[in-house]
Amino acid sequence: MIETKDLRFRYSDTLPFVLEGLNVTIKRGSFVAILGHNGSGKSTFAKHLNAILLPSGGKVLVDGMDTVDEDRLYDIRQHVGMVFQNPDNQIVATLVEEDVAFGPENLGVPQKEIRVRVDEALRAVGMYDFRDRATYQLSGGQKQRVAIAGIIAMRPRCVVLDEPTAMLDPVGRREVMRAIHDMNRTLGITVVLITHHMNEAVDADRVLVIDHGKLLLDGTPREVFSQAETLYRADLAVPQPVELIYALRRDGVDIPGDVLTVDECAEALYHLLKSRTNTRG
Amino acid sequence: MLKDISLGQYIPGTSVIHRMDPRLKIVLTLAYIVVLFMAKGPLSYGLVLLTLGLIIVLSRIGVRFVLRSVRPLLFIILFTAVLNMFHVDGDVLWSWWILKITRQGIETAIYMALRIAMLISGTFVLLNYTTSPIMLTDGIEQLLGPLKRIHVPVHELAMMMTIALRFIPTLIEETDKIMSAQKARGADFETGNVIRRAKALIPMLVPLFVSAFRRADELAVAMECRCYRGSEGRTRLRTLKLQGLDYVAIAIAAVLAAGIITLGVVLP
Ligand SMILES: Nc1ncnc2c1ncn2[C@@H]1O[C@H](COP(=O)(O)OP(=O)(O)O)[C@@H](O)[C@H]1O
Ligand SMILES: [Mg+2]
Numbered sequence: 001m002i003e004t005k006d007l008r009f010r011y012s013d014t015l016p017f018v019l020e021g022l023n024v025t026i027k028r029g030s031f032v033a034i035l036g037h038n039g040s041g042k043s044t045f046a047k048h049l050n051a052i053l054l055p056s057g058g059k060v061l062v063d064g065m066d067t068v069d070e071d072r073l074y075d076i077r078q079h080v081g082m083v084f085q086n087p088d089n090q091i092v093a094t095l096v097e098e099d100v101a102f103g104p105e106n107l108g109v110p111q112k113e114i115r116v117r118v119d120e121a122l123r124a125v126g127m128y129d130f131r132d133r134a135t136y137q138l139s140g141g142q143k144q145r146v147a148i149a150g151i152i153a154m155r156p157r158c159v160v161l162d163e164p165t166a167m168l169d170p171v172g173r174r175e176v177m178r179a180i181h182d183m184n185r186t187l188g189i190t191v192v193l194i195t196h197h198m199n200e201a202v203d204a205d206r207v208l209v210i211d212h213g214k215l216l217l218d219g220t221p222r223e224v225f226s227q228a229e230t231l232y233r234a235d236l237a238v239p240q241p242v243e244l245i246y247a248l249r250r251d252g253v254d255i256p257g258d259v260l261t262v263d264e265c266a267e268a269l270y271h272l273l274k275s276r277t278n279t280r281g
Numbered sequence: 001m002l003k004d005i006s007l008g009q010y011i012p013g014t015s016v017i018h019r020m021d022p023r024l025k026i027v028l029t030l031a032y033i034v035v036l037f038m039a040k041g042p043l044s045y046g047l048v049l050l051t052l053g054l055i056i057v058l059s060r061i062g063v064r065f066v067l068r069s070v071r072p073l074l075f076i077i078l079f080t081a082v083l084n085m086f087h088v089d090g091d092v093l094w095s096w097w098i099l100k101i102t103r104q105g106i107e108t109a110i111y112m113a114l115r116i117a118m119l120i121s122g123t124f125v126l127l128n129y130t131t132s133p134i135m136l137t138d139g140i141e142q143l144l145g146p147l148k149r150i151h152v153p154v155h156e157l158a159m160m161m162t163i164a165l166r167f168i169p170t171l172i173e174e175t176d177k178i179m180s181a182q183k184a185r186g187a188d189f190e191t192g193n194v195i196r197r198a199k200a201l202i203p204m205l206v207p208l209f210v211s212a213f214r215r216a217d218e219l220a221v222a223m224e225c226r227c228y229r230g231s232e233g234r235t236r237l238r239t240l241k242l243q244g245l246d247y248v249a250i251a252i253a254a255v256l257a258a259g260i261i262t263l264g265v266v267l268p
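If you read the protein sequences in the order shown, they are chains A and B. Heads up: the first sequence begins at 1 in my numbering, then just goes up one per residue. Heads up: the second sequence begins at 1 in my numbering, then just goes up one per residue.
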């Protein structure tokens, strides 16, 4: 479990606060999506979760360990792994399996055990067949999955992913999202996914919206996306089905219930059209 | 392809030479060079040639590549040889003005040329062609391990090499991209004199450097996230261990070296 208590942060004493008092609790095993427009402080927040940045005010607790506690630094980083946007800038080794081994090697895991973990991690992201390939020969989606495997091999409890699909094509994005969901479901690893793609947030257990360093919304995807008005004001898009229904309602069309997925949207439109033909006929 | 530069001149393969421990290959290459300089006379040179031949045949990389390794230095080899030819005193075969060629001169020239050619081709086959840069880095790191005691940052240097190898293809790809982008805006990298062409490179180098620094920054954070803290307490997925094959290689090398030294130093 990760807890932030009134987390405040600024990059230097002369700069304004980037995070202005965030209170967030992330439950073990959950899948949390974080939304926010550019510069709202998402990456800054993420870097607090494994002590890359330390709070200017307030506290961050990872399984009860305070991130300012230097003695627990490597415990914290092993507990909370981090995957970044650009796969090219987080792969260390030339060969796939050597890169995945990098984390366990740093942790001093015995050699035999490293082998086991590397194979497991590569299987978990579907990259086992590529284990002895050179990393530069892989596609963006494959590189990003190798990066995820590199974190899984450290046996973390939680993985924070900072816009992991932002640089990928649709195919790569799908592969990576599948790997992330598998990691959450089958390995029970807590996932904190920072994303720009609303449809990636729809499948989360919980969505947090950060705006100007403050928590704007916090709830299930259904609860959060029903607040289309608030999201628009924070310069955010909403999933396309939500957007369509929102636009129709704004123009005075009466659609009952809340709509999140494409199927629900189709259902709502079907009923709408059907009721219209009925009243006319 | 340019990208393959990170493989150096490595020619992938599974021959016995490929499979030898990189540390042993480094040591044997050094031994080969030392022994080569102790060779003297046709018999010992013949044995060195035989050794080289054996290495080439076992490595299965083809004579074409061996010749290719020597070619860039052909001029220097010939130049040194010719210089030696006119330099050595002895039985004069031909003379004109202040120039003279002696029998001993010709002999020296041939030995000299052979020695340089064998030095280069032997090193290339043992290290460049049959050992991947990664293996080479690992080998060097472990061989230099004892220097850690006198505070030589062996692990750090090896890590730097590993990362450099890893980023070469990325940066080359990026250079390609930036060049295309600049060309699309009318930049001209191909015509004009040297100064003009060098100037045209500046708008390409600036973004390249900016991006390289950003990459370095992000990589450092990523490495910290993966608990990197230098060599302290670090284990490895693969450690080098001498195999049966390596012991056979040591035995053969010892016999050959003894033979060459006997023929070259002891007998004459
Ligand atoms: N290293 C830094 N030094 C100073 N300011 C920074 C630094 N990194 C980010 N910022 C600033 O902090 C704010 C939040 O940035 P960031 O956390 O990257 O936002 P997001 O990830 O949501 O786009 C931005 O205004 C940005 O300019
Ligand atoms: Mg960001």
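Derived by calculation from the structure, the hints in this document are not laboratory data. Just so it is clear, the structure is predicted and the values come from calculations on it, not from any experiment. Please note: incorrect hints may appear among the correct ones.
[As the list claims (entries may be wrong)] Calculated lysine-lysine pairs in the DSS-like style (CA-CA distance at most 27 angstroms, straight line): (1) LYS100(B) / LYS148(B); (2) LYS40(B) / LYS148(B); (3) LYS183(B) / LYS199(B); (4) LYS241(B) / LYS112(A); (5) LYS47(A) / LYS112(A); (6) LYS148(B) / LYS112(A).
[What the hints assert, rightly or not] Only some residues are given here: those of chain B computed to face chain A with a beta carbon under 8 angstroms: (7) ASP91; (8) TRP94; (9) SER95; (10) MET161; (11) LEU165; (12) ARG166; (13) PRO169; (14) VAL221; (15) ALA222; (16) MET223; (17) TYR228; (18) ARG234; (19) THR239.
C-beta: ideal position from N, C-alpha, C; glycine also.
Now the hints, each set against the structure:
1. LYS100(B) / LYS148(B): violated, 54 angstroms
2. LYS40(B) / LYS148(B): violated, 38 angstroms
3. LYS183(B) / LYS199(B): Answer holds: LYS183(B) to LYS199(B) is near 14 angstroms, not above 27 angstroms.
4. LYS241(B) / LYS112(A): holds, 15 angstroms
5. LYS47(A) / LYS112(A): violated, 32 angstroms
6. LYS148(B) / LYS112(A): holds, 26 angstroms
7. ASP91: violated, 57 angstroms
8. TRP94: violated, 56 angstroms
9. SER95: With Cβ-Cβ at 58 angstroms, over 8 angstroms, it is violated.
10. MET161: Violated, because the Cβ-Cβ distance from MET161(B) to chain A comes to roughly 11 angstroms (cut-off 8 angstroms).
11. LEU165: LEU165(B) check passes; min Cβ-Cβ to chain A is 6 angstroms, inside 8 angstroms.
12. ARG166: Holds. Min distance 5 angstroms.
13. PRO169: This hint holds: PRO169(B) lies near chain A, its Cβ roughly 4 angstroms from the closest one there, short of 8 angstroms.
14. VAL221: holds, 6 angstroms
15. ALA222: At 4 angstroms from the nearest chain A Cβ, ALA222(B) passes the 8 angstroms test, so the hint holds.
16. MET223: With a minimum Cβ separation of about 6 angstroms from chain A (threshold 8 angstroms), the hint on MET223(B) holds.
17. TYR228: holds, 5 angstroms
18. ARG234: Hint holds; ARG234(B) Cβ to chain A Cβ min 6 angstroms, cut 8 angstroms.
19. THR239: holds, 7 angstroms
Checked against the numbered hints given earlier, this structure breaks hints 1, 2, 5, 7, 8, 9, 10; the rest are met.
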